[in-house]
Each structure stands twice: as C-alpha cells, then as structure tokens.
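Chains as they are written, first to last, in our numbering: chain A, 1 to 731; chain B, 1 to 211.
Take these hints with a grain of salt, some might be off.
Claimed, not checked - Sample of chain A residues with no beta-carbon within 10 angstroms of chain B, all distances over it, derived:
1. Ala26
2. Lys84
3. Pro89
4. Glu182
5. Thr483
6. Gln493
7. Pro674
Stated by the list, open to error - Pulled a few chain A residues facing chain B out of the computed Cβ check, cut under 8 angstroms:
8. Arg19
9. Gly24
10. Ile70
11. Ser86
12. Ser116
13. Lys411
14. Asn670
15. Ala671
Bear in mind the hints are in silico, worked out from the structure with no lab data behind them. In this text, a Cβ means the ideal position worked out from N, Cα and C, and glycines have one as well.
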Amino acid sequence: MSPQPQAAVGAPLSRVDGRLKVTGKARYAAEHEVNGVVYAVIVDASIGRGRITGIDTSAAEAQRGVLSVIHHGNAPKLPYKDNKASNNPPGARLRVFQDDKVRFHGQPVAVVVATSLEAAQHAASLVKVRYDAEQPSTELSKGKPDKPTSYARGDVEAGLRKADVRLDLTYRLARNHHNAMEPHATIARWNGNKLTVWDKTQWVVGTQTELSTVFDLPLKSVRVISPFVGGGFGSGLRCWPHTVVAALAARVAKRPVKLVLSRKQQYFATGFRPEYEYRLRLGSNRQGRLIAMAHEMEHETSSYETFSEGVLDPGRMLYSTPNVSQAYRTVPLDVNTPIWMRGPGPATASYVIESALDELADRIGVDPIELRQRNEPDEDESSGLPWSTRRLRECYTVGAREFGWDRRSAKPRSRREGDWLIGMGMAAGVYHTARMPAEAHVRLDADGTAVVETAASDMGPGTYTSQTQVAADALGLTVRTVTLKLGDSLFPQTPPHGGSMTMASVGSAVLDGCNQVRRQAIKLAIEDKESPLYGVNADDVVVRGGRLHAKGNPTRGETYQRLLSRNDRTHLESLGSYSGAPSTERHSLHAYNATFAEVAVDAALGLVRVRRVLGVYDAGRIISPKLAESQAFGGMVGGIGQALLEHTVTDHRDGRIVNANLADYLVPVNADVPDLKAIYLDGEDREADPLGVKGLGEVVMVGVAPAIANAVFNATGRRVRQLPITAEALI
Amino acid sequence: MSTELPESESSPPTEESAPTRRTFVATTTAVGGVVIAGGVFGGSILSKPEAAAASAAPSSRVTLTVNGRKHTVTVDNRTSLLDLLREHLDLTGSKKGCNAGACGACTVLVDGRRVNSCLTLAVRLDGAEVTTIEGLGDGDRLHPLQQAFIDEDAFQCGYCTPGQIMSGVGCIEEGHAGSKDEIREWMSGNICRCGCYPKIVRAVEQTARRK
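Extracted from the complex, chain A is given alone in its bound form (with noise of 0.2 angstroms):
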C-alpha cells in the first residue's frame, strides 16, 4: 500500500473544536439540556468512622419543591454485581446508602432531590444525621501496612556493604487531588428500564458497566454520554458513588436528575494522588556508578478497596543498577479510595530517585547529568529486553545546550541577586508506553466528508484535533471535511482516556479504519472501467484532498464525490481497530524527559519562584504539535503545584479535609508560572504502535517536581525531603 501524503498529521494546527469552547457553546457534563431536569445535593457524613443510628429529614422534606430525601433507611436495595471490566480497585466499593456504616468522612449518607438547585442545597443543610463515631485512623505513618509487593535482583545488602557511598534517605509526599476545573457532575434520565446519563468522566465504557452492573441491567439499557471533559488529570477513570447517587435519585423521583459535586465534595467524593513515606537505600562506587538501591514505599488506601499504581517502574529500569529491591505497601485507612493522578507512579518515584541522584551528584562531586549519563543502561535491566527507542541522553545534551546548564554553579547557595538565592536543578522522567485494544467507525460520504465515531473522550489533550489530523490523512481529506464523535458508549469501545494511551490506541484503531475506507475506495476506483484510475495498482494510488489519482500522475485521478456518485454509492464505512500491546512485548517501551528549572529563593523568607522551566521529550512522533507543547506546559504547571503548593491536610481527630475548597488547596496560579519552553525531538517509535507514539499526557509531569526540588536545593543549600516545599521548610 502507497503510504499516504502527511499533511494534517505534524502541523501546527489549531483545535478543531476551539470555537465551541471560546464561545462557552462546548456542554460539559451538568450542561446538557434535559426536560424536566430536577436537582440533587450530597449529603456528607460528617463522622470519620462509625454508624448511623438516625436521620430526622422533617426539615428538609419541609422545604417546598423538595421531592425526594433518601438514604440508607428508605432507599431501594442495589444488586451491586460484580463488575470485572471496571478500574475498581480490588476490594469491595462503596455501596450508597445500602447500610449504616461510615467508612471515611464524607461519605454520601442521604440526597435530596428538589425541583430547585436552591431548595435542594437548603434542604441538603436541613437533613440531621445521628452517629454513632468511632476514632477514624487517618495517619499514614500509624497504620497497619498490608503485605508487600516485593522485587529483588542481585543482592542489594551485599551490593550497599560493597559501595563506596551510601545514602539512606526517607521522603514525604502529601496527598494531592486533581481538582479540574469541571466538578464532577451527572444528569441521570430513566426511560423505563433504560438509563441514559451524560457524566464527567474519561471512560464512558467504564461508567457504564459500572452502572449496569449496579443496577443490575443488560449493558445496552445503558448508555454514557460525555462529548466534553473540564479536565480530569486521572478523576474521572472510574465511576463514583455519585454517578450511582444520580441515578437512584432519578428513579426514585422519576425525573431526570441532575448532581453536580460541590467543589469540597470532590475531595472527598473522588479519588486523588496518596500520600506517600518512601525510603530509598542507595550505594555506588566513588565516581557515582550505581551498585544498589532499596525502595521501600508505603501510601494511604481505603479500608474497603487495595488501590495501587506503577511506582516501580522507575526504580526498575532508569538507571543501570545490578542490585536493586523494592517493598511496595498499601495502608488501609479511614479515607476514600485514592485514585491515578497524572503520571500516577512515576511522578512519585521520580521524585525520590532524581531528588537522590542529585544527593549523590553533590556528595561526590559529579555534576548531574553526567551522573545520569554514567549509569545510563543499555537494555531494561528488569526485564532484559531492549529498548523500543530511549533517546535520554539526547534529551540530557539538547536540554543542557538549550538551558544554559554551563551556567550553573555546583556549588550550592553561591548564586545571589539581591534577596534572591539562584538555583538551576534538573531530573530526568520516564512513563512506560501502554497501549489497549480500541475501535472507532470510519464513514466517507457521498459529499466527500468523513465522519469518525469512536468512544474516546478528550479532557483536554486535544483527541477531536489529533485524531482528526491522523484521520484526515489516512483518508487523504482535508482537516475541515472530517468530523470526529466522541464521548457516547454507543461508539465503539475504547480503554480508559489515561495513561498516556489514547492516541496510541485509539489512534491506531482511528488509523486502521480510515486506511480501510481508503483502500475501498481504491478498489472501486481500480475496477470500474469509467474510472480514470481503472487497471492502475492499488498500491500506486493515493488520496489527497478528497482526489484520488496515480502516484507521480496527478493529473490522472478523480474526487471521492465523483466515484461513489458514479457507483450509486452513499458512503463507503469500515470498524476500525486496534488489538493493543501483545501479549509478550519484545521490547521495553517508555517515553523519556529531561526537565531543566531555576528557582529563586528568598533567603529570609523562604519563598520560592520558578523562573524557568524547560522539558525535552523523547515521545515518539508528535502527532500535533501546538497540542502536544500546550500539554508539556500543562506537566510543568502540575509539577510547579506538586513541588511547591499541593497539599491536602487532613484533621486526624475527626478524619476531616480542613483545606478542601481552592483557596486553602493552592494550585499554580498565573503568577505562579513563569515562561516555559517545550522540546519535542523528532522521531518515531515504530515498535509501539502504528503511529510510532510513545504517549505524552503523563511524562511531561514527570521530573518536574524533582527538577524544581533540585533547583531549590542548589540555590539554598538546604535539602527538603517532602513534598510540598513550603517556605516554612526553608526557614
């Protein structure tokens, strides 16, 4: 087959759905309009641990336009069937209103539902809730460790006896939660036995067998609706009680309901990044080649299901290292269920192992990337396979050049402008490449448009635009005439919108039956005599702008609107698909960064000010690069919060958030963000997938944290093992 002109894939171009959203006409979950919608509000217990012994609604029901309060006392039993296709973490999810127990402070333990917004959130306030309250554990370092999850190769307490240097170092990193901009929300419509809702979420195959799973209905009487996504950073990747709330709500008051969390709620009613104690035990020889590293890391799970996530990665295959252990534990305590947070895993392990190297790097007198450099592995040490593409130190050279590295001083504190303590740091990122089985429904019509239907959502990252780019290509149309549907379950299926996986597996699914159509096309054209391309190879056939002609003969060819039109044809349509990852992989695949920042710090009082920050990516190829920059910087402003301001505070007496709303919660604001440059190298991965993409959402936030932690560290001198670094740290 003739490989297709690229014209729309690797341009710069604008998003195709730009003008809904600078035009406020993009609906997102709570904004679709729906008939006699009426509303529901939350209640939250308001106890850390214990039961319910009773609820007075009198109040509440009092209020006029209520319709409907309910709770575990008066509400339908649920069947809660098992869901296997789901994120839920292994364990036992939270079933709303089925029972008298409180498992974590604000719990759902009754909803309202009223014709008004402001009826309903009055009355939510009315409801009385009695418990009976135990003492809720909350803290990390006083729970009970679950069993670990173990790795080990070579011996890593000969390997530490042996080295040269050795360094035991123990680091913290709070609770964050993703707080998108978009709360969570969920209108639910009954139709019978059939149940429509339109949800935030980044999986609305998940949500909906979640729902049917719960309810106990055929996967079909559900369908999930959710075009656009006010971001999600890892929150909407599996369906919360609330959505479940929603749509009990709406059966019992036998009107479409619509829920949307309060901002507070979504601390507490969604998951969020664990807090984390990681320990790493690190030996090398005296120039810095790495001899052993232990990790032993524990974070914060709830007591009803064992959520965890890919934090060993990094410790596995970074950097070469023939004695390597890891103890993995979860602890139960009296919270919700944590959930993926960007660059779940990684981010936090590349804190920890950058934050040392740089350790390592000043203890011995190395600077730091040649330290990388001299522990750059060969092959994945873990698994033994080689490298799909790992172009770090390139990433390391290009980043150097382009940063001014030269200028840093190795000697920390002894850069000085006025009050202002100058520091540059740096650390490299590594997020492995995932892909899953996806599909997605080409259609070409008559009129020589193209219509793509695939399940996928986009929260931001630009899935309408790039895959109208890869798309139009594959088909040979301009950008303009294909239109890209997403975000409905009656679209074919595809995985979770997360872990950097779209565009590799959707994508692909996208590429195959754009191809498909082409190639039909092609057929028809190749066997129809009144054709001008009649007899031609197909493989010496391209398409470009809607014309298929011959290779090195445009003049010999005719429109997509001609032929079908001539062969009495209203569209040509094909499923696309993808199967994934194989199920042996023969290579180890991961996208790489290195990230580069300078940091000011007031020295009296502690305050730090990102000045600079730059990410050079290995990520494969770029599919659309004016996206695929406004993502990097995207990384870096969530690295900028996860290094310096994100940090959930829990009251342990009562197992209370204390800063759950956006003013105590400090995210990066404007003036919070300086300047950042993004650096993509060119190239593909052609072992990853048919788009040659390695995935960008999740590397371009991992190394940020550190880099910036680096940078503070080689300003003041002072090393701050935990996360946030606060100016009270550096005080």
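Here the structure of chain A is known, so what remains is to put chain B in place on it, guided by the hints.
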C-alpha cells in the same frame, strides 16, 4: 427584546411553617426493596404534597439585560447570577468551578466590570447589564481575544476558558495588560488547571497591543 420566564415553582413566597412531622428513622429497620423504615414516609420515599407546600423561599422580580437582551425574571432570592444564567437562561458558557469566588471560571462582565457571578446574587442586579461569553462576539464574528485564545492554543479542556476570556477582556479594559508580569498578576483570579498560563498571557498581551 424581552423575555418573560414562567414563574418558577418556588414562587410566590409563602409563610414559613415549622416542620410538623417527625421523620426520624431508626436505622436498624432499614434496607431491602423500597422498604420504608418505621413507615414514617407513608409508603413512599417521595415527599407528600403538603410537605412540599410547607416552607418556600422568598423570591423577587428582577429585570436585567443579558447580552443585549432584556429579561424579567422571578428569582429565588438565594439564586446567584451564575445559577440564573446556567439553570434558568440556558447560558451555560459561564462555568461553575468552585462556587466560592476562588477560581474565576464564572467571570462575567456586569456593567462593564468583571465579577465572579457565583458570588453575585441575581436579586441585586435589577437594571444591570450583563455580558457573558455568549454575548462577547459580534454574531458569528469572534471577539479578538476569543480568536487569540484559539490561535495561541490558550486552553485545553476549555472549562475555565470563558472565564479567562471575560477576565482578559476586563483586564485589557482596565489597562492592566501593559506587560507580561502585569497580566500574570491581574489574571491570577482565574485558575487554569490544564496549565495554559503562558499562552493565556500571550493571548491577552497580543489582543491588548492590537487595541
């Protein structure tokens, strides 16, 4: 042009009455089918009509102009401008991000000044002129800042975008767009979790320069 909304179900105001029924539920009798604990719900989870008639919130009639169009509405006195726009006028371009004035997603112009519509009660706005993202452009022609947001890719998920743009319009009008640093300060009431700040600054700066 003027539209008259039907009186909402929460009006007109009636006397507040104290709850008369005790619906205290003993939990041990719960669970199973639509089982009603102690029968206090009278066989249905749905509230009885007389309960629904009990205590209503005061409401008011307000006439305000939104995007050049005059509306006379009866609003629950608790209704914020944001909820009026989103839930009653089907203008969902203004976004609810925090409902507490901390994120700026709900930013609109009231009499030319940028305000957090989530913190503004609708009843206060009799006679006010409100401009939302839906009314910023000139028909199909985008406002230059809307176009600059597209050109600079100054958004990703798009949820904060209407607020950013309305705030940016205000920022430029106020004369606070003289430099990148000044824009950063005066645009810091609008959170973008996707992290598009450098591009937002560029879009505002360029639009201010062209003015």
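Against the structure, the hints come out as follows:
1. Ala26: violated (5 angstroms)
2. Lys84: Check passes; 26 angstroms lies beyond 10 angstroms.
3. Pro89: holds (25 angstroms)
4. Glu182: violated (4 angstroms)
5. Thr483: holds (18 angstroms)
6. Gln493: With a cut-off of 10 angstroms, Gln493/A remains clear of chain B, as the shortest Cβ separation is near 23 angstroms.
7. Pro674: violated (8 angstroms)
8. Arg19: holds (7 angstroms)
9. Gly24: holds (2 angstroms)
10. Ile70: OK, holds: Ile70/A within 8 angstroms of chain B, min 6 angstroms.
11. Ser86: Given a least distance of 24 angstroms, the restraint on Ser86/A is violated.
12. Ser116: At about 5 angstroms, which falls below the 8 angstroms cut-off, the nearest Cβ of chain B leaves the hint on Ser116/A intact, so it holds.
13. Lys411: violated (30 angstroms)
14. Asn670: Constraint on Asn670/A satisfied, holds at 5 angstroms.
15. Ala671: Check passed: Cβ of Ala671/A comes within 4 angstroms of chain B, closer than 8 angstroms.
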